[in-house]
Every structure is written in C-alpha cells, then in structure tokens.
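Trainee: As you go down the protein sequences, you meet chains B and E in turn. Just so you know, the first sequence maps onto residues 2 to 112 in this note's numbering. Just so you know, the second sequence maps onto residues 3 to 117 in this note's numbering.
To be clear, the hints were calculated from the coordinates, so they are not data collected in a lab. Being a predicted model, the structure only gives us computed values, none of them experimental. Note that the Cβ used here is the ideal one computed from N, Cα and C, for glycine as well. Among the clues, some could well be false.
Stated by the list, open to error - Lysine-lysine pairs mimicking DSBU-like chemistry, simulated, CA-CA at most 30 Å apart:
#1 B:K50 to B:K69
#2 B:K50 to B:K104
#3 B:K104 to E:K16
#4 B:K104 to B:K69
#5 B:K62 to B:K104
#6 B:K62 to B:K50
#7 B:K62 to E:K11
#8 B:K50 to E:K16
#9 B:K50 to E:K11
To be verified - A partial selection of chain B residues facing chain E, derived with a Cβ cut-off under 10 Å:
#10 A2
#11 I10
#12 Y37
#13 Q39
#14 K50
#15 F64
#16 W84
#17 F91
#18 S95
#19 S98
#20 F102
#21 G105
As the list claims (entries may be wrong) - With the C-beta cut set under 8 Å, the calculated list includes, among others, these residues of chain E facing chain B:
#22 L47
#23 Y50
#24 T105
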Amino acid sequence: AQSVTQPDIHITVSEGASLELRCNYSYGATPYLFWYVQSPGQGLQLLLKYFSGDTLVQGIKGFEAEFKRSQSSFNLRKPSVHWSDAAEYFCAVSGYSTLTFGKGTMLLVSP
Amino acid sequence: NAGVTQTPKFQVLKTGQSMTLQCAQDMNHEYMSWYRQDPGMGLRLIHYSVGAGITDQGEVPNGYNVSRSTTEDFPLRLLSAAPSQTSVYFCASSETGSGHTDTQYFGPGTRLTVL
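The following block holds chain B by itself, in its conformation from the complex (with noise of 0.2 Å):
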C-alpha cells in the first residue's frame, strides 16, 4: 500500500520569508501527488497535483511544489508567505483506488 510521511508536525515562517514543507512518499509506480490546504474549521481546498509531466507544478495562492522521483519526495514551497497561509497542509498520494493523506504539517505565521 501506499503511504506518505511529512516530517515536520508544526512549522513557523515569519511573515515574507520563504516556505519549504516537506513530503516524502511510498508507492510501487509513477504516483499521482497532491496538496490540500485546511483552513480551522473549514475542509479541505486542492492547492496543486502532479500526475507526470513537468516536475515542478504551479499551484493557487502562489504555491508550487516539486517532484523528485529519486528522492521519494513532493515538497511544497512558497517564496513569500503571507498571513493568510496560516493553517494547516496535507500532502497525499493516490494509488491502489484509493487516497492516503499524510499526518499534516500546521503553519504559523509570525508577524
């Protein structure tokens, strides 16, 4: 089966510095990667997806992320992050007819 691990439970970036979150993935072939973003008490919102093709992906809200098929990884980043980024971001990776989400990685934003 598939599986995802995000490393990082908790990351605080100061308001206009640059993000890097973090995504390593298990599966037996060419996976189809994805981000979601969870605002609090909200559900969960589709950033961007890699299915094949171009290994760096362009997202909403200014994020991309870039898969790197040596590495196992799928790592999300933003040059400038805004306040407004504050919550909480689920990598996941689909195979088998089904969706595994990672545990999630919550950001905070400090002024």
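Following the hints, complete the assembly by docking chain E onto the known chain B.
Mentor: What follows is chain E alone, placed relative to chain B:
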C-alpha cells in the same frame, strides 16, 4: 452548485447509539468517500464508492456501514457508537470513477462526540 454538503455539523451521541451522517453532492460526481480526521493522524479513509451501487472499504472501516443507492448521496452509518469514533468526519467527491486520481471536493465536516 452547493458542492458537497454534510449534515449535521455537530452531533453528540451516547455509547451504543446509532446514527447516520448524511453526505450529498450536486456535481454528478462518480467517486465519493468518507474520511475521519483525528489530531495528529491526518485523514484516514473509512469507505469509498466508485459509482452508484458500488462501495468498498478503506483503511478504517470497522464500526461503519455505507451504501450508494444514488449518484448524489453517500450516507455513513454508525451501527453502535463508541468513544473511539469521536472525530471529525469529512465526505469528499470527485468526478470520475477513478476518483482517487482526481481533485477531491470536500464537505465542511461533521464533528461527532461519543460519550
């Protein structure tokens, strides 16, 4: 479009009671799924459906039943509630039957407490 709707938003049950969490979508999506979210555990798949009349188990199906008699609705039944089922439940849908590869559209969630 209302998207994915879930009722109720909040529910308190006593141990042993049964109830049904409702989920409906108006996007004519084939794939629907139920997740539970617990602190530090992320989202875990309970059951999913690739189309009307077809359901299958996810990672944590014990204590839950589902059915999919129409494309629009995918109710989740708790047969005999236990405190371990205290959680936030999310329903999601996606366009095609291979929905695990599609964008998931999530409902707002149901917060369930079992005493």
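Trainee: Against the earlier hints, flag every one the structure doesn't satisfy and list their numbers going up.
Mentor: 8, 15 and 16
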